[in-house]
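Colleague: Take a look at the letters that make up each chain.
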Amino acid sequence: MANEGSRSDLSAPDASHHAEPESPDRRQFLDTASRTAMVAGVVGGYGGFALIAGKYLYPATTGDVMWQFVSEVEGIKVGESIRYRGPSGEMINITRMRREGTADDFIALSSTCPHLGCQVRWEGQNDRFFCPCHNGEFDPSGIGIGGPPGDAGQSLPRYELRVERGLLHIAVPPPRFASAEDRSGIVTADEGIVGPGHDPCLGCESDRPGYHGGEELV
Amino acid sequence: MSVASWFGDRLPISGRQFQELTNEPVPYHLKRWWFALGGTPAYLFIVQIITGILLAFYYESSPSTAYQSVEHITTSVSFGWYIRSVHKWAATLMIVAVILHQMRVFFTGAYRNPREINWVVGMCLLFCTLMTGFTGYSLVYEQLSFWGATVGANISDTIPFVGGFLKRMMLAGDAYNQSTLSRFFVLHAAILPVTIVFLIATHIAVIRMQGVTEFQFKDEDEGTARTFNFFPDHLYTELIIGLVLMVVLSALATILPATLGPEANPLQTPEVIKPEWFFYVAFRWLKLFTGTAAVLSMGFIVFVMFAWPWIDNWIRKHTRFQEASVWIGILGVVTIIGLTLWEAFARH
Amino acid sequence: MTLETKRIVIATLGGLFLLSLVLVQWMETARKAEEAGIRAPHVSVPASSRECVECHAEENPGIVTHWEGSTHAEKGVGCVECHQAEIEEADSYLHHGAQIATVVTPRDCARCHDHEANEFALSHHSSAGNILASLDNFLAETVEGSRIDFNPHSPTPGKAVDMVNGMASAQSGCLQCHGAKVALESTDGGLITVDDLAPDTDGRPTNLDAFAKIMRDDKGKPIIFAGTWPNTGIGRLNLDGTRGSCAACHSRHDFSPRRARQPENCGKCHLGPDHPQKEIYEESKHGIAFRDLKDDMNLDSEEWILGIDYAAAPTCATCHMSGNIRNGGRVTHDPGERISWTNRPPVSRVMDTDINHAIVTETDPELRRPLIHDTANQKRDRMKDVCSHCHTDSYVNSFYDQYDNLVILYNEKFAKPGLAIMGALQANGLSTSTQFDEEIEWTWFYLWHHEGRRARHGASMMAPDYTHWHGMYEVAERFYMELVPQAREIVQHGRDTGMRAQAAAVEQVIDEILQRPEHIWFEEGAEEAAARIREEMERRYGGAQQN
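From first to last, the protein sequence lines are chains A, B and C. So for the first sequence, numbering that gives the first Met the number 0 puts the first residue at 0; every next one is plus one. So for the second sequence, numbering that gives the first Met the number 0 puts the first residue at 0; every next one is plus one. So for the third sequence, numbering that gives the first Met the number 0 puts the first residue at 0; every next one is plus one.
Do not take every clue at face value.
Unchecked claim - If you want the footprint, here are the derived chain C segments under chain A, 3+ residues with CB under 8 Å:
no., stretch
1, 20 to 33
2, 494 to 507
Said to hold, decoys possible - Distance condition first, Cα-Cα at most 30 Å in a straight line; then the derived DSSO-like pairs of lysine-lysine:
no., chain 1, residue 1, chain 2, residue 2
3, C, 383, C, 412
4, C, 293, C, 74
5, A, 76, C, 74
6, C, 293, C, 412
7, C, 267, C, 293
8, A, 54, C, 31
The hints are simulated quantities; they were obtained by calculation from the structure and are not laboratory data. Every residue gets a Cβ at the ideal spot worked out from N, C-alpha and C, and that includes glycine.
Okay, chain A solo, but in the shape it has when bound (with noise of 0.2 Å):
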């Protein structure tokens, strides 16, 4: 039935100026009915879409690990402190406490302290871990002793560590993809003192392609 507005009654709903055969009733029900199934089709489909979006959107927790291969067990000595980068670019402190030869002599931190995100250091002689940035303190399992992150009760994350045929292996998390700028492995530059936040790597001059200690590059 074509609709009527030619005097653009824009306030009224959809009224019908025929006379109608059917009750007011079946037609209420079926225009009620009508708009219901529009509403339900239309909030159906670009909801759908919203979720799939969604879901796009909210990042993948796989708990997906790889096992890394980090150096031979007699590489690190008793009290000795190694940093490791993994493959997504995160800092990693791995101390060796005791000299059993297991995993669990060893212990793998994230050096990158809750606070403000400085990187924090293994200190033997105080037998914890140190943030220079803010004064910082960490018992050696971690937990926050002293500094801000002491007072928050903050402790660096852990990672998990196997030991097989005298060989260590950290489980860290795959990277998104396979980039050039991958350079997972034990850390061995100078860092010196940094700033909230910095990564001790930036502006590094073994950064510098063609740096090579000063030796010539051939």
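The hints should help you fit chains B and C onto chain A, whose structure is shown.
Modeller: Coordinates of chains B and C only, in the frame set by chain A:
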């Protein structure tokens, strides 16, 4: 106090005025679906903005990681393949819809006095859309992305006077370099969309100000209503179009998803460099002429397209060919289709 | 279209849209499931090796691609981890900022794989380089070539040839499988090997004079003598004192265990007229089964335990090295652990070994017993553990009876007699002390080194054609038609040239052998045996038959 009166106390517009403003009377001929072609590209533009924003969450515009980020989206991210494919197909459909809309406007003479302004705005929208398509494809950083951009920039170089400047602005240098991709990304994701939004707003504002012409077709009876309501009637029409497009896009995304060619290799030119399909006509035209003549002739044609309302007016005033525009239009369409197909099937 | 119709259309389209999204979700689930299986493992380039990978990906992309397919790459073990070398090591040099050595030895692999390296070091594989002191060595270096370079006798158009390298046959032939003694060029024109460097237990040279003489190029890289590198022989004598090359079986740079499990891998060296293990395996039912059921062999699995991961067919690795359910899945890198006869020497010997893994040579049973650390039967039982995965005990034991019988037949009928004849000729001065300068020496060599081994290997791995036609048949022909007549000729020649007593002594040895029951047919005919065979044939097949 109701919500309406809360707003009413603060905003200087009454309910009635608001209704009048938005519920415009829509001329009856728009009940014919052929006339809904203006809303179609607008709707697809919104789809592009939404899917584009979603893609931008994962896309990285640095040459060393661009391709890998697109690969990541296509193969790893949940529904990444779907969002990307919808974005790709909506781009194609939007360009098709824009061209069909323009053809409708052309063949119904809706560019004539007083609507010359909107014709020019529409032409600007056409070129912005084509540029968005071009820059978008460059972001994937496949072989054809890189080489297509390089060739495109070199073609702009041949434009007299401004060519070199344009090329250097496009590439951020004399050749494709580290900054080029970022430039394309900003163009594609910021500058062009914002420009298109302003142009669309202008386009619609001008329509509202001038009103839509009332047509009467031969098969309509005299005395039938001339207009109908925007709400809900025309809105329903637009919703139907929107939903049909979503179903078509989903189907295309699932059956013919966006793929990934080899990564761009600046050291290796592929055998065949072709632009996207919507540039085939221009590409083929340029190959029919040499150097400056090619670019100048193309520039001339573009000028003619922009100035068509005035040219058409002159023809109708000073010659006896009142329907000339229709015939010229048919010739134009056939030529465009012909050149596009020629380029599509040429294998070299 | 009425408004109501439009609403219905919208509702329907909305439903259709939702349906299409359900399809999208279904596709996503299917894609994820498929990707989980297919996705290649991530390659971790450790920071220290990043530059190596970048440059060599351009220069030698195959090396990098191979490495990327390896487990090393997955775990973050890169170039530097294996190639790193101390500055004191003989072949180390500075290369783009890294102190490395080109040749990776078992010492380098042992940093992480020490268990395998130790097992390998005790095995016969690692002593394959000992060929340098053997008959084969003489053959390659002197008979086929020359121990000293010699002048060419006419020009080679297009190539300037100053001297002929007489060691080329050894270097490109024997030593490529057995392993060369890696040598560096010396500034005094000679060569520096492990013997000169006298490395300590850490592989560092103690003889610093020799170290100082190492010739280096203008970038400080030691020049390895071309005759000894490239060489991935399994018994290579490395500059750091270790023996062997793990890459011989675990091809670099992907070090694929999958490849090492397949017979073609061993077949690089274990083939040919003198030890055709590869051909024998291919003839045998084991090889036939493998070829057909290769897809069921689960070659890519991480652990490859017979009985758990696969049971379709055995390969070389299955029997000789890999783990199985009866030995706790333990792989051994010493194949000698499961071998009870050594068929390498002219006369096969029982593999009773002492604490140093050397065969006990003591003949007196009483004196033997305390010396034996691991008996041949213990070795055989380890091998039987493998056999019993597919064969019952009586089957296996009877097979070993067949095998023992063939070896002993060969030993007693041909090998010991042959050895006795050759020994008698030597002892009585009727043959020169130089090997291979007389025809009979070649004859004897063929008999035990080629045909005799083929017969024994064929029996050991169930290849009847090799046991018989390529084996004992040819041994018998060689013995009767060549060795005996040639020995008799030498005896006659000796008699003619005035060495009567010596000739008589040798003749006595020959005659005594040929009088034995198993040889008597040769002298006195075997008409009776032939007649019996003819009767049997007629009885079985009847009528006038051709024989």
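Colleague: Look at each hint and say if it fits the structure.
Modeller: Consistency of the hints with the structure:
1. Only when three residues or more bring their CB closer than 8 Å to a CB of chain A does the claim for the stretch 20 to 33 of chain C stand; here the count is 4, and the claim holds.
2. Remark: the stretch 494 to 507 of chain C is not confirmed as covered by chain A, as 0 of its residues place a Cβ nearer than 8 Å to a Cβ of that chain, below the required three.
3. Proposed proximity of residue 383 of chain C and residue 412 of chain C is supported: the alpha carbons are some 28 Å apart, at most 30 Å.
4. Straight-line distance between C-alpha atoms of residue 293 of chain C and residue 74 of chain C comes to about 28 Å, which keeps the hinted pair within the 30 Å bound.
5. About 22 Å separates the Cα atoms of residue 76 of chain A and residue 74 of chain C, which keeps this hinted pair within 30 Å; it holds.
6. Between residue 293 of chain C and residue 412 of chain C, the direct Cα distance comes to roughly 40 Å. Violation of the 30 Å bound is thereby established for this hinted pair.
7. For the hint pairing residue 267 of chain C with residue 293 of chain C, the CA-to-CA distance comes to about 19 Å; that is within 30 Å, so the pair holds.
8. Annotation: proposed proximity of residue 54 of chain A to residue 31 of chain C holds, straight-line Cα distance about 14 Å (limit 30 Å).
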